[in-house]
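Full structure from sequences and hints, please.
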Amino acid sequence: MVKQVSVFLENKSGRLAEVSRILGRNSIDIRALSIADTAEFGILRLIVNNPDLAVKVLSDKGFSVGTTEVIAIRVDDKPGGLSEALNCLEENNIGIEYMYAFIGNVGSSKALVIIRVDDVQNALEILDKNNIETVPAEQIYSM
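All residue numbers for the sequence shown refer to my numbering, where the first residue is 1 and numbers rise by one.
Bear in mind the hints are in silico, worked out from the structure with no lab data behind them.
Each hint should be verified, as a subset may be incorrect.
[Unchecked claim] Subject to a maximum C-alpha distance of 25 Å in a straight line, what follows is the list of computed DSS-like cross-link-like pairs (lysine-lysine):
| # | residue 1 | residue 2 |
| --- | --- | --- |
| 1 | LYS110 | LYS3 |
| 2 | LYS110 | LYS78 |
| 3 | LYS61 | LYS129 |
| 4 | LYS78 | LYS129 |
Now the structure itself:
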């Protein structure tokens, strides 16, 4: 499992830039990100190289921050590569709350996807049983 940092952001100019500045000044590298927003606020989801420090420095600057366990999976970077993993989760009634792609080079012919599921432990067992590669947190943080 990988620790994802979630940041509640007011939907106003400069807030996202401020988060990235704070992280950069503290040598925290963003590995993957997703943002979902409404008219009034957004939720920034981040995979970073040091999630505990990210939570601390952002909290110290007044941001509302939390963590969530997510799963990183490596899939073939070809048409249908992702569907194999998603199909095995669907067949076992594991709901996917959201997902997003990993940033950067993750290896030739492979793509890395971050998924949030409703039953992490069961999902990990199903993915393993179906030979879908999960990537450990330490490897994600050091990419």
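How the hints compare with the structure:
no.	hint	in the structure
1	LYS110 <-> LYS3	holds (22 Å)
2	LYS110 <-> LYS78	holds (8 Å)
3	LYS61 <-> LYS129	violated (43 Å)
4	LYS78 <-> LYS129	holds (22 Å)
In terms of the numbered hints stated before, the structure departs from hint 3 and from no other.
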